[in-house]
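Visitor: Please build the complete structure, drawing on both the sequences and the hints.
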Amino acid sequence: MFKKNKEKKFYSLSRKIRADIIGMLFKAQSGHSGPSLSIVEILNYLFFEKKIYKNFNERDHFILSKGHAVPALYSVLYNLNLINKKELSTFRDIGTKLQGHPDRTKLKYIELGTGALGQGLSVSIGFALANIILKKNKKSFCLVGDGEIQEGQIWEAAMYAGAHNLKNLCVILDNNRMQNETYTTQTLNVMPLKNKWEAFNWKVLSIDGHSFPQIDEAFKKFYLEKNKPTVIIANTIKGKGISFMENSAAWHSKVLDEKSYKIAKEELV
Amino acid sequence: MINNAKKKALRNVFGEHLVYLGKKNKKICVISCDLKSATKTSNFFKVFPKRSFEVGIAEANGLGVATGLALKGFIPIISSFGTFITGKFLEIRTSISYNNVPVKIIGTHGGFIGKDGATQSGTQDLSLMMSLPNFEVFQPCSPLETEKILDYVIKSNKPSYVRICRNSVGEVYAKNFKFIPGKPKELIKSKINTIISSGPLIFNCIDAISHLSKKKIKVGLININSIKPFDYEALRQMLKSKKNILIVEDHVSHGGISSLVYETIAKSKSKFKILNIKSLNLDGKFSESGNPSDLEKFNGFDSKNIAKIFYEKFNLAK
Chain X
1 MFKKNKEKKF YSLSRKIRAD IIGMLFKAQS GHSGPSLSIV EILNYLFFEK
51 KIYKNFNERD HFILSKGHAV PALYSVLYNL NLINKKELST FRDIGTKLQG
101 HPDRTKLKYI ELGTGALGQG LSVSIGFALA NIILKKNKKS FCLVGDGEIQ
151 EGQIWEAAMY AGAHNLKNLC VILDNNRMQN ETYTTQTLNV MPLKNKWEAF
201 NWKVLSIDGH SFPQIDEAFK KFYLEKNKPT VIIANTIKGK GISFMENSAA
251 WHSKVLDEKS YKIAKEELV
Chain G
1 MINNAKKKAL RNVFGEHLVY LGKKNKKICV ISCDLKSATK TSNFFKVFPK
51 RSFEVGIAEA NGLGVATGLA LKGFIPIISS FGTFITGKFL EIRTSISYNN
101 VPVKIIGTHG GFIGKDGATQ SGTQDLSLMM SLPNFEVFQP CSPLETEKIL
151 DYVIKSNKPS YVRICRNSVG EVYAKNFKFI PGKPKELIKS KINTIISSGP
201 LIFNCIDAIS HLSKKKIKVG LININSIKPF DYEALRQMLK SKKNILIVED
251 HVSHGGISSL VYETIAKSKS KFKILNIKSL NLDGKFSESG NPSDLEKFNG
301 FDSKNIAKIF YEKFNLAK
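Going down the list, the protein sequences come from chains X and G.
Those letters in the first sequence? Residues 1 to 269, by the working numbering.
Those letters in the second sequence? Residues 1 to 318, by the working numbering.
To be clear, the hints were calculated from the coordinates, so they are not data collected in a lab.
What you are looking at is a predicted structure, and each value in this text was computed from that prediction instead of being measured.
There may be inaccurate statements among the hints.
What the hints assert, rightly or not - Each computed DSS-like pair below joins lysine-lysine, with the alpha-carbon atoms no more than 30 Å apart:
# : chain 1 : residue 1 : chain 2 : residue 2
1 : G       : K155      : X       : K138
2 : G       : K27       : X       : K135
3 : G       : K72       : X       : K138
Guide: Structure (structure tokens):
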């Protein structure tokens, strides 16, 4: 019973996070909806279930390497009361702390400004190494996109982390199967994911990235891992939660008009 | 004015001083991209293995790892050939410059490096790094200047690029030399004629100046050790009485020392007395294979040719 309630709460919060994302994007008349919506459950779990920013000065680190999905992170920070409603409504406006792609020099809860893809994982490795020198039992999380792993630097970083058995490092790979223009398989096939990461000496877990029990189980396994870095392949749906956005390459960064905004809001109630 | 008793290769000075700094400051760590011996960080690796990271032939990842370490309060020094490391421009631009993270990049093998040729020679590095917001860019010419610049860079909370050449050179400074970021240093004063240079080429210029003084042509020397920040007004003051100016740099013509000098003149509202100004540089070309001294001669950077510019091109022969 307790478990069922917890799940219900989790999914209800996911809907709220999505509604705030859509609100921001409509107000800004720009931004990336599809790639933000696919990572909602993952962020919901890390920030509300694992509460990684509860004590910000002693936090587990999180880098959103696919920086264009930052509306999801802003929405989470808003729902954590770390940014207020007024700030949220300034997304992408001139002078805002909430830049179109994350900017740590403007918003302190951003650990790394990203946007040029492929760079976050290396910095997460730097965090993991620093925690080892400092003898701190803190984790380093990095969320990358499946299209993003076409960047060569990802594999330089993956090779390093695997070779050095960085067990305090966890990559979440948002496998929504699409990138800017179309499916990854039609752009540059990134499959097979599991074999690639395993060959680089990573522990690979493949889950439904929208399912609370599966996310929960995967992160529990990561926390118990003693030998290797972990990659959680979160199989997700681009545009998840809004019917006309789901699995649509067009909604990677399409502008929401009044009509589609209204439908989206109704679907998220 | 040159103390040759203290002649040392600048990359060796860098390597030794890094160990000295590492003993004083436990936050300093070093990242190598498979070039520990060539960039002389190998001593640091031996003395402080726990603060040393070999990332392999993967400069982009190395730069990101350095960024993460810096964000956690460490002072990461990443060294490679200048051309290789600044070639990872997008990684430096986003992870380090945009995020304003105090990563310290050491680019060795600038200018005429020798037989390895153009692919290994840093001849665009200053231009690239000067363009990046938040970055400081320095180039030492002598052992003491190398140490003082490193001392400053370690304390600075900004990202830095230091171009360190491999040349073995003497010392032009007295022991009490103070490095001031931004300020060009007038090593030899002269009212009418001057050379402006940076890095170890300063020594070719000093040779040229002593050669010229034998011909009764008095020429001064300005050393630009701090490329960014840069005090334009200080250089303007130094140049206001000058009639003949020669710029000497082992770098392409765009975005290096020459650009700083021409900008100084263009930005100023006051009039100059300049009759002749010339820049000796790589003129938008690549370097090539050859002994460094042969390459310098071939490209006209040897002291004889530098001197010749004054009495032939500038018509100062008496």
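Visitor: Of all the hints numbered above, which does this structure not satisfy? Sort the numbers upward.
Guide: As far as the earlier hints go, not one is violated by this structure.
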